[in-house]
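**Student:** The primary structure of each chain is shown beneath.
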Amino acid sequence: MSIVQNLLDLIRQEMATHNVSTLHSVKIKHGKLTHVVPEALDFAWEALTRDTEFEGAGLETEEVPLVLKCGGCGREFTPEGLAAMISPCPYCEEQIGHELVSGRELHIEHIEAE
Amino acid sequence: MQIPVVRNILEANDRMSAELKKLFDDRGILVLNLMSSPGAGKTALLEKTLAELAGEYKMAVIEGDLQTDNDARRVAATGAQAVQINTDGGCHLDGSMVLSALESLDLDGLDILFIENVGNLVCPAEFNLGEDACVALLSVTEGDDKPEKYPLLFHKSEAMVLNKVDLLPYVDFDLDKAAGQGKRINEDIQVFPLSCRSGEGLAPWYEWLRTKVTDKKG
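Which chain is which? The protein sequence lines are A and B, in order. Heads up: the first sequence runs through residues 577 to 690, numbered per our numbering. Heads up: the second sequence runs through residues 4 to 221, numbered per our numbering.
If you are wondering where the hints come from, they were derived from the structure by calculation, not from laboratory data. Mixed in with the good hints there might be a few duds.
Below, simulated DSS-like cross-link-like pairs (lysine-lysine); rule was C-alpha separation at most 27 Å, straight line [unchecked claim]:
(1) B:K219 x B:K180
(2) B:K24 x B:K219
(3) A:K608 x B:K152
(4) B:K180 x A:K608
Here are a few chain B residues that face chain A, going by a calculated C-beta distance under 10 Å [to be verified]:
(5) V9
(6) D135
(7) A136
Ideal Cβ placement from N, Cα and C applies to all residues, glycine included.
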């Protein structure tokens, strides 16, 4: 809910800046490590846009994969499996000290409006 | 038409967090954001800490809960300043809530401000509150695989407190496993196994706090 409220504020600002009044859709990207559940966002989007100027506009979400940089050999990899953050490096099997390269994103990509 | 935007959705909160951080930095106040599941012992840890370090530091607490002021009253009983924020169903604190809580706090001469977040291992980790460090609490009556299940919280935290170790003989919690998972997610995380009930293991936690206060004051 808070995420969608923040999103709506940003959309209003951007639409005013670009002088457009009808929103068709918005696309957002969310990293694997953020706690975003697309279905929950859809639900919040429906609830918070109902009876507003954005009613009927679409919300498109895209997940950004988790990419770690190995703490041992420095190569980048996308961990397989469910316990993603504690996976050993597939190249050198190092388990400790991986750096997060991507997976924390939570941003708007673009809006479709006129 | 398509309008490229590329803006962080939580930028309003990040901006507020940066303002709060500056306000705390200017006054040299160490701010810690405590996060855990409900019942892990955040309030118990604060009660102990506020009582034991009362002679050394001036401390205050912002308490976040869905409802009631039970925790603020527990904390205030130690003599420390406490402000309760009721989120009324909200699952985390955000920067604006902390900002409004500051209206009821006297920051003069304050050394440490503890922010006790809403009991939840998920959402609080997304919202920065101007803190110097996050502290993740787990208790041994929970699963020892919590770091693996909720990695973001442990990735963000500088310290991991494992509370209720006096109960270890009665539960299946593997202390080394939980600490090891924490270290694998965040190599630099400091681990403090302790019991707020028996007092065991609290000394290293206090030592860490003293170091953090000294670092903050430069």
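**Student:** Is the Cα-Cα distance between K608 (chain A) and K152 (chain B) 27 Å or less?
**Tutor:** Holds, at about 13 Å.
**Student:** If you draw a straight line from the CA of K219 (chain B) to the CA of K180 (chain B), is it 27 Å or shorter?
**Tutor:** Roughly 32 Å separates the two Cα atoms, so the pair is violated.
**Student:** Tell me if A136 (chain B) is really an interface residue toward chain A, meaning its C-beta lies closer than 10 Å to one of theirs.
**Tutor:** 18 Å, violated
**Student:** Holds or violated: are the alpha carbons of K180 (chain B) and K608 (chain A) at most 27 Å from each other?
**Tutor:** Holds, because 24 Å separates the two Cα atoms, which is no more than 27 Å.
**Student:** For the hint on V9 (chain B), just tell me whether its beta-carbon gets within less than 10 Å of chain A.
**Tutor:** 6 Å, holds
**Student:** Would you mind confirming whether the straight-line C-alpha gap from K24 (chain B) to K219 (chain B) stays at or under 27 Å?
**Tutor:** Holds: K24 (chain B) and K219 (chain B) sit about 12 Å apart, inside 27 Å.
**Student:** With chain A as the partner, please determine if D135 (chain B) meets the hint condition of a C-beta pair closer than 10 Å.
**Tutor:** 20 Å, violated
Hints 1, 6, 7, counting from the list given before, are not met by this structure.
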